Every structure is written in C-alpha cells, then in structure tokens.
Amino acid sequence: MFSRLLKLVRPSTRLAAPALAALALLSPLAASEAKADFRVCNGTQELVGVAIGYRAEAGWTTEGWWRIPAASCKVIIEGTLSSRYYYLYAEDAEGKGRWAGTVNLCIAENEFKITDVKDCFARGYQKMGFREYDTGEQGSWMVQLTEAPRGGTATP
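Under mature numbering (1 follows the signal peptide of the UniProt record, and there is no 0), the letters of the sequence shown match residues -30 to -1, 1 to 126, in that order.
In case anyone wonders, no lab produced these hints; they're calculated from the structure.
This one's a predicted model, so the numbers in the text were calculated from it and none came from an experiment.
Be a bit skeptical, because a hint or two may be false.
[Stated by the list, open to error] Below are the DSBU-like pairs computed for lysine-lysine, each with C-alpha atoms no more than 35 Å apart in a straight line:
{"#": "1", "residue 1": "Lys44", "residue 2": "Lys5"}
{"#": "2", "residue 1": "Lys44", "residue 2": "Lys83"}
{"#": "3", "residue 1": "Lys88", "residue 2": "Lys44"}
{"#": "4", "residue 1": "Lys88", "residue 2": "Lys5"}
{"#": "5", "residue 1": "Lys97", "residue 2": "Lys5"}
{"#": "6", "residue 1": "Lys44", "residue 2": "Lys97"}
{"#": "7", "residue 1": "Lys88", "residue 2": "Lys66"}
{"#": "8", "residue 1": "Lys5", "residue 2": "Lys66"}
{"#": "9", "residue 1": "Lys83", "residue 2": "Lys97"}
{"#": "10", "residue 1": "Lys66", "residue 2": "Lys97"}
{"#": "11", "residue 1": "Lys5", "residue 2": "Lys83"}
{"#": "12", "residue 1": "Lys83", "residue 2": "Lys66"}
{"#": "13", "residue 1": "Lys66", "residue 2": "Lys44"}
Please model the complete structure; the sequences and the hints are all you need to start from.
Right under this line is the structure:
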C-alpha cells in the first residue's frame, strides 16, 4: 500500500545529508522545548509510512500517510491530546515490515483523511488493522517503531 506510493515519490539522497546535518545542529534546541503531541519514532533502517485513527467531533477519523525516515521522529498530532485512545498502522517502504493491530479502520493508497469507519470497501477504501494506544490522561504520547525480531513481526 504505502510502499507503492513511496516508489513514486522517493526523495533524493543527495539532499538528505545536508538536511540531516542541519537537523543535528537544531536538535538540542528542539529537545529543550517540551511540547504536547502524539509523535512516532522510526527505529528502523527503512522509510516508514504511518496512518493514525482517532475519535473526532465528526466521528471516527483516519489520516495518512506521514513519511518517517529511518532513525527519526515525526509529530503526527500537534498539541495536547484530546482523545484517550489513538490507533496506529504503519508499514515500511519496501513492504517488508508492518505494525498493525486488531482494530479495523479505513485507509487509502495515497494521502487521505477519512471520516467514518463503516463500509470501507464500498466507499473505495481499504480496511486495515490498527493497534490501539490508551494514552490515559497523558497530554502527549510517543510510539517507537522497531525492527522485527528474527522470525517475528515488527513491534511498536
């Protein structure tokens, strides 16, 4: 799914090195500013695509795809979390790793924001299992995606 989209829009690696160098210089400044958000960190060596689901005023909503380069983090929801439960689905760009769960929500192949989780197929979407995260009363949350253990599946 996400891997097909990425093959069409792979970034140039020549531009990545200067950007990473700039990020390394700015990271101490960013670390000192504690902000409330829902962030996903990619602890793998592959580019990962992430989709998130949550309950909004308009009903159940899913959004994707956030592209998270290897060994980096990205804020998925900015600001203090307004829901207790969030749902995450991720897959790597090569189609080798997948982080999923048992809560079925709608996704699309390209960038999307979908309201309602019913009749995914009839509305032209696909259904995928998302993993539930109970954030409790926390104002912010971080999910760390890691490589799959040998012979197993990837885990958050």
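Now for the hints, and whether the structure bears them out:
Proposed proximity of Lys44 and Lys5 is supported: the alpha carbons are some 13 Å apart, at most 35 Å. Between Lys44 and Lys83, the direct Cα distance comes to roughly 18 Å. Compliance with the 35 Å bound is thereby established for this hinted pair. For the hint linking Lys88 to Lys44, the alpha-carbon distance of about 29 Å falls within 35 Å, and the restraint holds. Distance check on the hinted pair: Lys88 and Lys5 sit about 34 Å apart at the alpha-carbon level, within 35 Å; holds.
Proposed proximity of Lys97 and Lys5 is supported: the alpha carbons are some 32 Å apart, at most 35 Å. Using a Cα cut-off of 35 Å, the hinted pair Lys44 and Lys97 holds, with the two alpha carbons roughly 24 Å apart. Distance hint between Lys88 and Lys66 is fulfilled; the C-alpha atoms sit about 28 Å from each other, no more than 35 Å. Of the pairs offered as hints, the one joining Lys5 and Lys66 holds, with about 33 Å between alpha carbons and a cut-off of 35 Å not exceeded.
Distance hint between Lys83 and Lys97 is fulfilled; the C-alpha atoms sit about 14 Å from each other, no more than 35 Å. For the suggested pair Lys66 and Lys97, the alpha carbons sit about 19 Å apart, so the restraint of at most 35 Å is met. Restraint check for Lys5 and Lys83: the C-alpha separation of about 24 Å stays at or below 35 Å, so the hint holds. For a cut-off of 35 Å, the pair hint linking Lys83 to Lys66 stands: about 25 Å separates their Cα positions.
The hinted pair formed by Lys66 and Lys44 meets the criterion: a straight-line CA distance of about 21 Å does not exceed 35 Å.
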